[in-house]
Amino acid sequence: MNVVLAKTDTGRAVSSSFALARERLPGSGKVAEQRRQAFEAFERAGLPHRRIEDWKYTDLRVLMREVLPLAAAPDTAALSRAETALKLHAIERTRRLVLVDGVFAPKLSDLGKSEKGLSVRTLREVLEAGDGALQSELLASDNSNPMIALNTAMATDGVVIEIANGTVLEQPLHVVHVASATTPAATFTRSLLRIGRDVAATLVESFVAAEGAKAYQTYDSLIVSLDDNARLDHLRLVEDGLEAFNIASAAVTLGAHAQLNTFGMVSGASVSRYQPTIVFAGEGARVDTNGVNLIKGRQHADTTLFMDHAVPNCASREVFRAVIDDRAHSVFQGRIIVRPDAQKTDAKMMTRALLLSDEAEADNKPELEIFADDVTCGHGATTGALDESLLFYLRARGLPEKEAQALLIQAFVGEAIESITSDSLREHVIAAARRWLEARG
Amino acid sequence: MALLEVKDLQVRVEDREILHGLSLTVNDGEVHAIMGPNGSGKSTLSHVIAGKPGYEVTGGQILFRGEDLLEMEPDERAAKGVFLAFQYPVEIPGVTTMNFLRTALNAQRKARGESELLVPDFLKKVRSVAAGLNIPQDMLKRGVNVGFSGGEKKRNEILQMALFEPSLCILDEMDSGLDIDALRIAADGVNALRSPERAMVVITHYQRLLNYIVPDYVHVMAKGRVVKSGGKELALQLEESGYAQFEDAA
Ligand SMILES: Nc1ncnc2c1ncn2[C@@H]1O[C@H](COP(=O)(O)OP(=O)(O)OP(=O)(O)O)[C@@H](O)[C@H]1O
Ligand SMILES: [Mg+2]
Numbered sequence: 001m002n003v004v005l006a007k008t009d010t011g012r013a014v015s016s017s018f019a020l021a022r023e024r025l026p027g028s029g030k031v032a033e034q035r036r037q038a039f040e041a042f043e044r045a046g047l048p049h050r051r052i053e054d055w056k057y058t059d060l061r062v063l064m065r066e067v068l069p070l071a072a073a074p075d076t077a078a079l080s081r082a083e084t085a086l087k088l089h090a091i092e093r094t095r096r097l098v099l100v101d102g103v104f105a106p107k108l109s110d111l112g113k114s115e116k117g118l119s120v121r122t123l124r125e126v127l128e129a130g131d132g133a134l135q136s137e138l139l140a141s142d143n144s145n146p147m148i149a150l151n152t153a154m155a156t157d158g159v160v161i162e163i164a165n166g167t168v169l170e171q172p173l174h175v176v177h178v179a180s181a182t183t184p185a186a187t188f189t190r191s192l193l194r195i196g197r198d199v200a201a202t203l204v205e206s207f208v209a210a211e212g213a214k215a216y217q218t219y220d221s222l223i224v225s226l227d228d229n230a231r232l233d234h235l236r237l238v239e240d241g242l243e244a245f246n247i248a249s250a251a252v253t254l255g256a257h258a259q260l261n262t263f264g265m266v267s268g269a270s271v272s273r274y275q276p277t278i279v280f281a282g283e284g285a286r287v288d289t290n291g292v293n294l295i296k297g298r299q300h301a302d303t304t305l306f307m308d309h310a311v312p313n314c315a316s317r318e319v320f321r322a323v324i325d326d327r328a329h330s331v332f333q334g335r336i337i338v339r340p341d342a343q344k345t346d347a348k349m350m351t352r353a354l355l356l357s358d359e360a361e362a363d364n365k366p367e368l369e370i371f372a373d374d375v376t377c378g379h380g381a382t383t384g385a386l387d388e389s390l391l392f393y394l395r396a397r398g399l400p401e402k403e404a405q406a407l408l409i410q411a412f413v414g415e416a417i418e419s420i421t422s423d424s425l426r427e428h429v430i431a432a433a434r435r436w437l438e439a440r441g
Numbered sequence: 001m002a003l004l005e006v007k008d009l010q011v012r013v014e015d016r017e018i019l020h021g022l023s024l025t026v027n028d029g030e031v032h033a034i035m036g037p038n039g040s041g042k043s044t045l046s047h048v049i050a051g052k053p054g055y056e057v058t059g060g061q062i063l064f065r066g067e068d069l070l071e072m073e074p075d076e077r078a079a080k081g082v083f084l085a086f087q088y089p090v091e092i093p094g095v096t097t098m099n100f101l102r103t104a105l106n107a108q109r110k111a112r113g114e115s116e117l118l119v120p121d122f123l124k125k126v127r128s129v130a131a132g133l134n135i136p137q138d139m140l141k142r143g144v145n146v147g148f149s150g151g152e153k154k155r156n157e158i159l160q161m162a163l164f165e166p167s168l169c170i171l172d173e174m175d176s177g178l179d180i181d182a183l184r185i186a187a188d189g190v191n192a193l194r195s196p197e198r199a200m201v202v203i204t205h206y207q208r209l210l211n212y213i214v215p216d217y218v219h220v221m222a223k224g225r226v227v228k229s230g231g232k233e234l235a236l237q238l239e240e241s242g243y244a245q246f247e248d249a250a
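Listed in order, the protein sequences are those of chains A and B. Residues 1 to 441 in this note's numbering are what the first sequence spells out, letter by letter. Residues 1 to 250 in this note's numbering are what the second sequence spells out, letter by letter.
Derived by calculation from the structure, the hints in this document are not laboratory data. Hints are supplied without guarantee of correctness; some may be wrong.
Claimed, not checked - Only pairs whose alpha carbons sit at most 30 Å apart, straight line, appear in this in silico DSSO-like list of lysine-lysine:
| # | chain 1 | residue 1 | chain 2 | residue 2 |
| --- | --- | --- | --- | --- |
| 1 | A | K87 | A | K56 |
| 2 | A | K402 | B | K228 |
| 3 | B | K110 | B | K124 |
| 4 | A | K296 | B | K52 |
| 5 | A | K348 | B | K141 |
| 6 | A | K116 | B | K7 |
| 7 | A | K402 | B | K141 |
| 8 | B | K223 | A | K116 |
| 9 | A | K402 | B | K223 |
| 10 | B | K153 | A | K365 |
| 11 | B | K7 | B | K228 |
| 12 | B | K125 | B | K141 |
| 13 | B | K124 | B | K141 |
| 14 | B | K52 | B | K223 |
| 15 | A | K365 | A | K344 |
Unchecked claim - From chain A, some residues computed to sit far from chain B (all C-beta separations above 12 Å):
| # | residue |
| --- | --- |
| 16 | E33 |
| 17 | L68 |
| 18 | A215 |
| 19 | V279 |
| 20 | V311 |
| 21 | D387 |
| 22 | S389 |
| 23 | L394 |
| 24 | R397 |
| 25 | G398 |
| 26 | P400 |
| 27 | A404 |
| 28 | E415 |
| 29 | E418 |
| 30 | D423 |
Stated by the list, open to error - Derived DEER-like restraints, expressed as beta-carbon distance ranges:
| # | chain 1 | residue 1 | chain 2 | residue 2 | range |
| --- | --- | --- | --- | --- | --- |
| 31 | A | R440 | B | D181 | 54 to 60 Å |
| 32 | B | A244 | A | A439 | 55 to 61 Å |
| 33 | B | R109 | A | I430 | 22 to 28 Å |
| 34 | B | Q61 | A | E359 | 48 to 54 Å |
| 35 | B | V90 | A | R440 | 36 to 42 Å |
| 36 | B | V90 | A | I430 | 21 to 27 Å |
| 37 | A | K344 | B | S128 | 51 to 57 Å |
| 38 | A | A385 | B | Q61 | 29 to 35 Å |
Note that CB positions come from ideal geometry on N, CA and C, so glycine has one too.
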């Protein structure tokens, strides 16, 4: 029996948005064809909803309802609002690369001083005039995930960063996504970071809003490859406006003896979903992924991580902490697969949620699929409120209630934050966490 | 005016009355010992004075320098000079002892309208107090009480007492779980803090502690009341005869 699905209103709106946007999307020929296929995949599935296992806790049809039309390229006023926002979110001694409303903003970016071994281009440039292989890599897409497919179809701009073998970057790269449009719209970005052999690099990603940007939607996707012996320290900060939507993915591949140390913090966005997929492609590699959610009000923050141990002798650690206030909802889904060849895999995942109110909600879904026999794998999850006896001890020593709570919350997220190796970046995150705590009043 | 006045205090926990009209008066600089069988309500009294949630005061009052203590938050009581050395100090992973001490001391100073202590002054103060109590510096860098031995936890309580300079110290079984040497160090630490400005209420089961910390008054608690009060000789008498006579009286 054929089931004919009626196109929803949402579907129609997106279709016409894609048709309208097509003119503005960089790339032709094969690129345009990859986009078309991806869009068809998205159209067939529509926005993911709770009956799809992976999206059980994050029903975008309910939470988001529709995909907004593509944002207009930023005008002078939008760029100037973005500039103001950048000042608030600046991280010193980094090379800043800025995307405003999904479009690379050269004037706001640090392009002046070039660095040996580092190449930075825009997605637009590469899709319009780059080599075919790189173009295909950029638009390679897991179309079984509708949100990645949508991003492939609509990706407007982004940064394409290549770091030559043996380069040790002088400064961290700081990619800042600024939403500046004052009418609600969607931005679609895709970036690529190709890290050569023996490279040591640091990437910081920030998602922020300029004054007046409210219920916007940010769709981002990042592709990272680490060649043998490379090391990437990665920091990802979602500080979007509290009415915004941030739907993002990352696809990371590690070569032999490569190391990834990644830390993510979500304090912004009304609804966020981050889907990193990490694939071990060479032996002896190690991944440390740490995450902190600091959410309140009716925020919904979902991290859905997929760790793919495809080869032997690799190690992965996941430490995830959620602090959930008011009626906020935190979701962590961590799937680890250890494939038959991946002997001597050492994979551990630990998630803890701290509920600051009776209506706060946490969902933890660890999934271990182990097909090799000589492995060390484990996971643990806890959910609970602040310990009353600890709170009383602190209060009996003179700390007012909120301060006592703040100290315990800092201690709770501390273990994850400690994983940030750079002192200045760690301090930056600690300060951001402290601001969040102070804002609780 | 008395420092602490507990008048006819009645306290319930989960619908069960634990203290049935307890009265106790402590003046500046006095040392009082409270003894009594297990379950007689000693820790309950200390918790209610410190402001621990979960206790319902159904009658009576507690005045601290004439002010209604029961109206104050636990942190206000601490800032006013009430200090409880816990029978079971908790472990706080992720908060270093040093950070905790500084945050607490500055919170109390702030509540009293005093300026924050500068970091070098604070460090100097902690180091000298810690040295006097045989507390090694590296203990201060660890999480509060995390992995501390029983004796170390108790010494950490006394360290705080020395640092915060309270006017009323309640020591709930500070001798439990301590070996003879640790007991002497702890008791010496407490004795060093005796002063005309600082009163102490020492809760214990054992006369031995009172050989080190000699009280001005001894009270016997049974079944949620003070059933007998006297001088330090009362403790010796208890050691011989036990609590039975008082429990009957109560
Ligand atoms: N949270 C609670 N819930 C129920 N009962 C409690 C609670 N706290 C104390 N009690 C009861 O109150 C009574 C007094 O307890 P408390 O701890 O004050 O005694 P204590 O004199 O300190 O005893 P010990 O010498 O053993 O330390 C006991 O019967 C105890 O079981
Ligand atoms: Mg007790």
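Right, here's what the structure says about each hint:
1. A:K87 to A:K56: 38 Å, violated
2. A:K402 to B:K228: 42 Å, violated
3. B:K110 to B:K124: It holds: about 20 Å lies between the C-alpha atoms, which stays within 30 Å.
4. A:K296 to B:K52: 28 Å, holds
5. A:K348 to B:K141: Between K348 (chain A) and K141 (chain B) the Cα gap is close to 28 Å, so the pair holds against 30 Å.
6. A:K116 to B:K7: 79 Å, violated
7. A:K402 to B:K141: Holds, at about 24 Å.
8. B:K223 to A:K116: 81 Å, violated
9. A:K402 to B:K223: Violated, at roughly 37 Å.
10. B:K153 to A:K365: 38 Å, violated
11. B:K7 to B:K228: 15 Å, holds
12. B:K125 to B:K141: 15 Å, holds
13. B:K124 to B:K141: At roughly 15 Å apart (the allowed maximum being 30 Å), K141 (chain B) and K124 (chain B) satisfy the hint.
14. B:K52 to B:K223: 20 Å, holds
15. A:K365 to A:K344: 24 Å, holds
16. E33: The assertion about E33 (chain A) holds, with a minimum of 53 Å to chain B.
17. L68: 41 Å, holds
18. A215: 37 Å, holds
19. V279: For V279 (chain A), whose nearest Cβ neighbour in chain B is about 33 Å away, the distance exceeds 12 Å, so it holds.
20. V311: 35 Å, holds
21. D387: 8 Å, violated
22. S389: The assertion about S389 (chain A) is violated, with a minimum of 5 Å to chain B.
23. L394: Given a closest Cβ separation of 7 Å, the condition is violated.
24. R397: 4 Å, violated
25. G398: Label violated. Min Cβ-Cβ 4 Å, cutoff 12 Å.
26. P400: 5 Å, violated
27. A404: 8 Å, violated
28. E415: Incorrect as stated: the minimum Cβ-Cβ distance to chain B is 7 Å, not above 12 Å.
29. E418: 9 Å, violated
30. D423: D423 (chain A) clear of chain B: closest Cβ-Cβ about 17 Å, beyond 12 Å.
31. A:R440 to B:D181: 54 to 60 Å: Given about 46 Å between the Cβ atoms, the range is violated.
32. B:A244 to A:A439: 55 to 61 Å: About 59 Å separates the Cβ atoms of A244 (chain B) and A439 (chain A), which means 55 to 61 Å holds.
33. B:R109 to A:I430: 22 to 28 Å: 24 Å, holds
34. B:Q61 to A:E359: 48 to 54 Å: 37 Å, violated
35. B:V90 to A:R440: 36 to 42 Å: 23 Å, violated
36. B:V90 to A:I430: 21 to 27 Å: For V90 (chain B) and I430 (chain A) the Cβ distance comes to about 24 Å; the hint holds.
37. A:K344 to B:S128: 51 to 57 Å: Taking Cβ atoms as reference, K344 (chain A) and S128 (chain B) lie about 52 Å apart, which means the hint holds.
38. A:A385 to B:Q61: 29 to 35 Å: 32 Å, holds
Checked against the numbered hints listed earlier, the structure breaks hints 1, 2, 6, 8, 9, 10, 21, 22, 23, 24, 25, 26, 27, 28, 29, 31, 34 and 35; every other hint is satisfied.
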